[in-house]
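Protein sequences, first through last, are from chains H and B. Position 126, counted from 1, in the first sequence is what our numbering calls 188; the numbers after and before it change by one each time, with no gaps. Position 167, counted from 1, in the second sequence is what our numbering calls 169; the numbers after and before it change by one each time, with no gaps.
Source of the hints: derived by calculation from the structure; they are not laboratory data. In this text the structure is predicted, and so the values were computed from the model without any measurement. Misleading hints may appear alongside valid ones.
As the list claims (entries may be wrong) - Short derived list, chain H residues pointing at chain B, Cβ under 10 Å:
id : residue
1  : F75
2  : E131
3  : W135
4  : M175
5  : F212
Yeah, the Cβ is synthetic: ideal placement off N, Cα and C, and Gly gets one too.
Below are the chains, spelled out letter by letter.
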Amino acid sequence: MSKAYEGPLATKFIGTPSEIYDDKGDFWVVDFPRSITHHHTYGLLTPFFKGLTEGKLMATKCTNPECTENSVWLPPRADCPDCYARTEWVEVPTVGKIYAYTMLDYAGIGIEMETPYWQVDVQIEGVDTIFKGYLKQGKPVTGMPVKAEFRTENPTHTILDVCWVPIEG
Amino acid sequence: MIKFGKGNLRVPQWSRRVFMVAGGCTPFRKYFPEYKLEELVMMGYKMMLEDNDLKMSPKEIKDQIQYCAYGEFADHFQDQLLCEAKIHDYLGLDPLWNNGIKTGGATGGAAVLNGAMAVASGYADTVLVCGWERMDEVDTRTGNFYISTAACKDFETRMGRIYSSYYAPMANRFAEAYNLSEVTRAKVAVKNRGYAMSNPNAQQPGHHTVEEVLESRMSAYPLRFLECCAMTAGSASVLLCNEEMAYKLSDHPVELFMAGGTHTLRVADRRHMEIPLLPNEPEGMYDDLLAESGRWPGFESFLAARFAAYLAYRMAGIKEPLDELDLVELHDAFTISDIQTYGDIGLRPYGQEPDYIESGDAYYGGKCPSNLSGGLLGTMHAVGATGIWQAAEVLWQIQGKYDKFHGDEKWWQRAGKEKPADWKSLQVPDAKQGLWISHAGVGSHVTCGILRKAW
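Okay, chain H solo, but in the shape it has when bound (with noise of 0.2 Å):
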């Protein structure tokens, strides 16, 4: 058992006061200050981010012959909800058309690229859903052919490791 349990104890405030932020009315309103990490894993969809790192595009697929859609997931899933099978991982094209889009201009607090910028939902075939990204160049217009590009260098172990540029021509 500590000492402290042996005798009389003074004790010592060691936190920081907190600043009082509005006192303006009969009311106080106080600072409640914070910093947070949180340790967030990826679980069975680490595959993915690791193929960003690669400059892969991987999805998922069930391959189940008993379900009734097979579909192929990106961003992926573990398991199929239609089925509930284990799916399997696919490369899938780093090509698509953009389906829709929108300039980010005011963002929420965190932001981590310079705005504005185009956000877009890119339509790749074989995928049956419609995954969104980012437009590192260019103007987008529905339809518009996009290829993906990758940090692989620096990367930052988040879905920013990819983005979309327009194919020329």
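Given the structure of chain H, go ahead and fit chain B onto it with the hints provided.
Chain B only, in chain H's frame:
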């Protein structure tokens, strides 16, 4: 194409009828430092007990409550886990059972549905449904980031860190697919913010012009600031009862029919589906539309809203929504989400949504006005309270109490505002039936509630 199992399409059958008799809310503000959260909740709860012409005293009603459904969107905003326990204790309702409900933007609707299930099942005869949000502890951009964590953290949140950026691609897609102009979108903002001028509790009322909306600052192209709702602090409550209790408590009870639907959190994951048809839609009516777009709901529509309406209309026996509904309250978090919903709930067939605005049907005096409360754009989006407050606004319209709750000087004084000299009543004459939509994510959860005059 994804098809639904027959069992999945079963229409809910409640064991007992469910009624709504009273509603209450706080004023809604961007910053509300005069009150702690539980004090705000008490304010709306007491309004529900004291000001709805109920035939029992507040204490007698409190003594009748057996269950509480509480709506809160985000622990991030409250910075308090188990807020439900603090609120429940503060309202003096221990040891009654309560459930905390969380379904994003649809939290309020989901709380009403949860409370209704408790009445319908016989768990309780009298249920408090109450929701709140305190979004004023952080600055706006931090709040935007918090809300964007209701997109997929792995594949979406980092792409924008603001929810407008998940709706904006839909707006662009919808504009191209269904010929929606920016002007029609802006008219929704003008209309709802204008109606908020009559609501003493409104956070962002204003007589704007289409030009002002289109010239306001861009959030995510094409959605401008005036097309997006704000962050709010506030609370709302409604009281649900079984049939016997409803008539004991009120001479003007309103019957509730309600169902919900869901769809993927990531808009990316929407695969092509068959369209569940509303009672007034014949088989094959969307064959041409699908041949063109090749994809439903695509980025244009909401499966969750369509599914909720599919069930709720059948529960209520509604065949022609536009003819049978006297008013609607829709989840206009963004102008585009409002417009997208018109097709989902059958105010117009898919592909003709803009006409609901352009025809005048959506306006006060029109065939089926929407968001006379001021909506989310004009009045509030204290998320956990929103779907509850919308229900209260529909309830009051059916009870003929729009003026009582919006025109009485008492409420303007409570809100610390002066009643405008040109205040206008938006009471729908002889309103018998109304609908409200509570909506989450990019359509991840949607409830569809229908309230019907029952006296």
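Results for each hint:
1. Taking 10 Å as the C-beta cut-off, the interface hint given for F75 of chain H is violated, the closest approach to chain B being about 22 Å.
2. Taking 10 Å as the C-beta contact cut-off toward chain B, the hint placing E131 of chain H at the interface holds, the least distance being around 7 Å.
3. A hinted interface residue such as W135 of chain H counts as satisfied when its beta carbon comes closer than 10 Å to some beta carbon of chain B; here the least separation is about 7 Å, so the hint holds.
4. The interface hint given for M175 of chain H holds, since its Cβ lies 9 Å from the closest Cβ of chain B, which is under the 10 Å cut-off.
5. Given the 10 Å rule on beta carbons, the hint for F212 of chain H is violated: about 16 Å separates it from the nearest Cβ of chain B.
Hint compliance for this structure: hints 1, 5 are not met, and every other hint is.
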